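Participant: Letter by letter, the chains look like this.
There are 2 protein chains.
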Amino acid sequence: MNKIQQLKAYLTESDVDAAFVTNPDNVFYASGFKSDPHERLLGVMVFKDAEPFLICPQMEIPDAKSAGWNGDIVGHVDTEDAMQVLHRTAAERNGNVRRIAIEKSHMTVDRFEALNRLFGNPEFVGLDEKINAMRVIKDEAELQILREAAELADYAIEIGAKTLREGITEIEVMTEIELALKKRGVTHMSFDTTVLSGPKAASPHGKTGDRKIQKGDLVLFDLGVVHKGYCSDITRTLAFGEPNEEQKAVYDIVLRAELAAVNAVKPGITAAELDQASRQVIEDAGYGEYFTHRLGHGLGISVHEFPSLHGSNQMALEAGMVFTIEPGVYVPGKVGVRIEDDVAVTENGVEVLTKFPKELQIISN
Amino acid sequence: MNKIQQLKAYLTESDVDAAFVTNPDNVFYASGFKSDPHERLLGVMVFKDAEPFLICPQMEIPDAKSAGWNGDIVGHVDTEDAMQVLHRTAAERNGNVRRIAIEKSHMTVDRFEALNRLFGNPEFVGLDEKINAMRVIKDEAELQILREAAELADYAIEIGAKTLREGITEIEVMTEIELALKKRGVTHMSFDTTVLSGPKAASPHGKTGDRKIQKGDLVLFDLGVVHKGYCSDITRTLAFGEPNEEQKAVYDIVLRAELAAVNAVKPGITAAELDQASRQVIEDAGYGEYFTHRLGHGLGISVHEFPSLHGSNQMALEAGMVFTIEPGVYVPGKVGVRIEDDVAVTENGVEVLTKFPKELQIISN
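Order-wise, the sequence lines are chains A and B. Counting from 1, one number per residue, gives the positions in the first sequence under UniProt numbering. Counting from 1, one number per residue, gives the positions in the second sequence under UniProt numbering.
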């Protein structure tokens, strides 16, 4: 209940009567219970002056208990209005909810309107900033899980490298990778495993398909696993067969850009400065127009979380933050390279969690 | 652009200046472009008196075009405020957006507040009901896709039945099923494939794990595929080896309950009546307390969509509606059975899309 205590302290400091947490990732963070409720209501209500409770579909109560939540649980069934159940329970514990904190980046307008109606037009306070500030600094237990998640991502790239052969399709390679991970106990990937070959690697949002991989292709792998509720996210671009001069040149630029950012990570540097460290290398090499996305994103319970590492984010990094560094160069129809690591900010610099080699690997299976 | 024309007609009828569609499933429905934008802005803005546009991350523009959207596209990059880009573009087309329709069940409070600020406190109108009413009636092209999706779900159960053997784990069975589907071109399941064996089948929300399947188990499969953007969702419970009397009795009750609902489907009957048709059979058999969830849910682009088939939904069914019928009985720690079909309401009755046999299959691999 450590996170609940932190939320209660925040409510006291800010003189807010209650916080209603409904983003499933935040519910997991606060309660230890991970569930995707679809359209049904799942949330944790924390009070300044009363005991918290978890609200979830009736049939998930046993799972919530076995996940370790030992506070109160209120179930609801499909035939009742879950928001009314919430209000009734809240009213029983703390008659006077006048200021209520909500995740404005997650709560939907209809639930917002229901809260407004049921609680009699309370004052709403944004909760995202507080939860982001809590989640962005990983404690040692979280870092250890993220290291393990990154190690599984490294293993996945290893399997991908071993699986490459003339004529195998992207989907077949993807399937082999996921099968190998399942054997190591991985039940969920953190997003759709991406294997892009040849000209397809030059599409930063391309989809794994049935293209047959050929000698001379660069093959881009972008994948990650969910491990104990936390995500990893790695990209490696491998050469299948001998690469040509342009492929080697682009790879070298992206690698230097990636290392420039990794080596610049330390407490105090801003996200924008880090983005610029990488971007400058690519711009100086004349490929600036082909690096079309931000440098990276926070990583933890969500695969994309706070903070966003882009050129206008002036947030200074702090020890305990974990994020991706993933510059890329995409020359449409020709060559695409991205290299992505998961890194943690330490007291003195950086810990790189993903460890698969970054020098261009030439695969000759 | 057929769906866009329907939305424009609705705006004219209701005297609403613009509709802003951001639920990714609704964006797909309206534009043909399916994408998961994560925290980034993706939407279609449709005007009463101007041409619509799609707004998406810059790097997704090529994908949106190749998905067949041939209206205007406005891209945004991570360093700009996407809601400002939206407002600027809207203002250029139609200076006077005073009434705006939004999906209140999807739009987040922070985007709602941004619209309020940028458009100068417009009047907001709920759009969910209209889009639900459009999506709930499937046209012949959609029905055909749903039939194909259901056929792939049938095939998955077939593979599951063939894969059962003494000592194989639930995860291994799941992997074999998904592998076989990938070979038939399925890239996404509509939700996590569920294989539950023995006492685990008695948990309506249990998770596929490493339990070894044994002779005498009932094995519950709940799965579906995404096919051309539409979902299927099937449940079958098979007996691995000879079932005991209690297993057979519970199976028989659930099967009769399922058939009671399926056979009652026709235009005009209400969702509540359908739920009751099934529930009555289970209650009469003395197992009412063990049927702990609604009868079913709408099915289409989303695996759970409008309408919800539960005991207090008085909505009358109409031809073209597609939903699941999935009664279950779960005696904790002992026996669990669920049988689920995807059905379409026809002019005269029902078309059952999923066709895997429902008589208790005894597998003796």
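Hints listed in this document are in silico derivations from the structure and should not be mistaken for laboratory results. Please note: incorrect hints may appear among the correct ones.
Each pair may be met inside one copy or between any two copies, as identical chains are not told apart.
[Stated by the list, open to error] List time: in silico SDA-like cross-link candidates among lysine to any residue, alpha-carbon distance up to 20 Å:
{"hint": "1", "residue 1": "K215", "residue 2": "G71"}
{"hint": "2", "residue 1": "K355", "residue 2": "E142"}
{"hint": "3", "residue 1": "K130", "residue 2": "F47"}
{"hint": "4", "residue 1": "K228", "residue 2": "D192"}
{"hint": "5", "residue 1": "K358", "residue 2": "G241"}
{"hint": "6", "residue 1": "K183", "residue 2": "D284"}
{"hint": "7", "residue 1": "K228", "residue 2": "M134"}
{"hint": "8", "residue 1": "K183", "residue 2": "R165"}
{"hint": "9", "residue 1": "K228", "residue 2": "I171"}
{"hint": "10", "residue 1": "K228", "residue 2": "S66"}
{"hint": "11", "residue 1": "K207", "residue 2": "S312"}
{"hint": "12", "residue 1": "K183", "residue 2": "G333"}
{"hint": "13", "residue 1": "K207", "residue 2": "I4"}
{"hint": "14", "residue 1": "K182", "residue 2": "E172"}
{"hint": "15", "residue 1": "K182", "residue 2": "I159"}
{"hint": "16", "residue 1": "K207", "residue 2": "I61"}
{"hint": "17", "residue 1": "K212", "residue 2": "T187"}
{"hint": "18", "residue 1": "K355", "residue 2": "D252"}
{"hint": "19", "residue 1": "K228", "residue 2": "M59"}
{"hint": "20", "residue 1": "K34", "residue 2": "E172"}
{"hint": "21", "residue 1": "K207", "residue 2": "H38"}
{"hint": "22", "residue 1": "K34", "residue 2": "G126"}
{"hint": "23", "residue 1": "K212", "residue 2": "Q6"}
{"hint": "24", "residue 1": "K207", "residue 2": "M189"}
{"hint": "25", "residue 1": "K65", "residue 2": "E148"}
{"hint": "26", "residue 1": "K3", "residue 2": "N132"}
{"hint": "27", "residue 1": "K104", "residue 2": "N23"}
{"hint": "28", "residue 1": "K8", "residue 2": "R93"}
Remember, predicted model here, so these are calculated numbers, not experimental data.
Participant: Work down the list of hints and note, for each, if the structure agrees.
Facilitator: Hints, verified against the model:
1. Taking the shortest alpha-carbon separations for K215 and G71, neither the intra-copy value of 58 Å nor the inter-copy value of 39 Å comes in at or below 20 Å.
2. Taking the shortest Cα distances, K355 and E142 sit within 20 Å of each other inside one copy (18 Å), while across copies they are farther apart (46 Å).
3. Taking the shortest alpha-carbon separations for K130 and F47, only the intra-copy value of 15 Å comes in at or below 20 Å, while the best inter-copy value is 37 Å.
4. When the C-alpha separation of K228 and D192 is checked against a cutoff of 20 Å, the pair qualifies both within a copy, at 18 Å, and between copies, at 17 Å.
5. In this assembly of identical chains, the alpha carbons of K358 and G241 lie at most 20 Å apart only when taken from the same copy (17 Å versus 52 Å across copies).
6. In the homo-oligomer, the alpha carbons of K183 and D284 never lie at most 20 Å apart, since the shortest distance is 44 Å inside one protomer and 45 Å across protomers.
7. When the C-alpha separation of K228 and M134 is checked against a cutoff of 20 Å, the pair qualifies only within one copy, where the shortest distance is 19 Å, while the shortest distance between copies is 40 Å.
8. Taking identical chains as interchangeable, the C-alpha atoms of K183 and R165 lie at most 20 Å apart only when they sit on different chains, with a minimum of 18 Å there against 22 Å within one chain.
9. In the homo-oligomer, the alpha carbons of K228 and I171 lie at most 20 Å apart only across protomers (17 Å), although the nearest pairing inside one protomer, at 26 Å, exceeds that limit.
10. Taking the shortest Cα distances, K228 and S66 sit within 20 Å of each other inside one copy (15 Å), while across copies they are farther apart (38 Å).
11. Neither within a single protomer nor between protomers do K207 and S312 lie at most 20 Å apart by alpha-carbon distance, with minima of 29 Å and 42 Å respectively.
12. Proximity of K183 to G333 under the C-alpha cut-off of 20 Å is found in neither arrangement, the shortest distances being 36 Å within a copy and 27 Å between copies.
13. With identical chains, the CA atoms of K207 and I4 are never at most 20 Å apart, being 40 Å at best within one copy and 27 Å at best between copies.
14. Both within a single protomer and between protomers do K182 and E172 lie at most 20 Å apart by alpha-carbon distance, with minima of 15 Å and 8 Å respectively.
15. For the homomeric pair K182 and I159, the shortest alpha-carbon distances inside one copy (12 Å) and between copies (19 Å) are both at most 20 Å.
16. In this assembly of identical chains, the alpha carbons of K207 and I61 lie at most 20 Å apart only when taken from different copies (14 Å versus 38 Å within one copy).
17. In this assembly of identical chains, the alpha carbons of K212 and T187 lie at most 20 Å apart only when taken from different copies (16 Å versus 27 Å within one copy).
18. Proximity of K355 to D252 under the C-alpha cut-off of 20 Å is restricted to the intra-copy arrangement: shortest distance 18 Å within a copy versus 55 Å between copies.
19. For the identical chains of this complex, K228 and M59 are neighbours neither inside a copy (23 Å) nor across copies (32 Å), given an alpha-carbon limit of 20 Å.
20. For a Cα distance limit of 20 Å, the shortest separation of K34 from E172 qualifies neither inside one copy, at 31 Å, nor across copies, at 23 Å.
21. For the homomeric pair K207 and H38, the shortest alpha-carbon distance between copies (16 Å) is at most 20 Å, but the shortest distance inside one copy (25 Å) is not.
22. When the C-alpha separation of K34 and G126 is checked against a cutoff of 20 Å, the pair qualifies neither within a copy, at 23 Å, nor between copies, at 31 Å.
23. For the identical chains of this complex, K212 and Q6 are neighbours neither inside a copy (52 Å) nor across copies (41 Å), given an alpha-carbon limit of 20 Å.
24. When the C-alpha separation of K207 and M189 is checked against a cutoff of 20 Å, the pair qualifies both within a copy, at 15 Å, and between copies, at 16 Å.
25. Taking the shortest Cα distances, K65 and E148 never come within 20 Å of each other, neither inside one copy (26 Å) nor across copies (40 Å).
26. Proximity of K3 to N132 under the C-alpha cut-off of 20 Å is restricted to the intra-copy arrangement: shortest distance 12 Å within a copy versus 38 Å between copies.
27. In this assembly of identical chains, K104 and N23 lie within 20 Å of each other by CA distance both inside one copy and across copies; the values are 10 Å within and 16 Å between.
28. When the C-alpha separation of K8 and R93 is checked against a cutoff of 20 Å, the pair qualifies only within one copy, where the shortest distance is 15 Å, while the shortest distance between copies is 47 Å.
Of the hints listed earlier, those the structure fails to meet are numbers 1, 6, 11, 12, 13, 19, 20, 22, 23, 25, in rising order.
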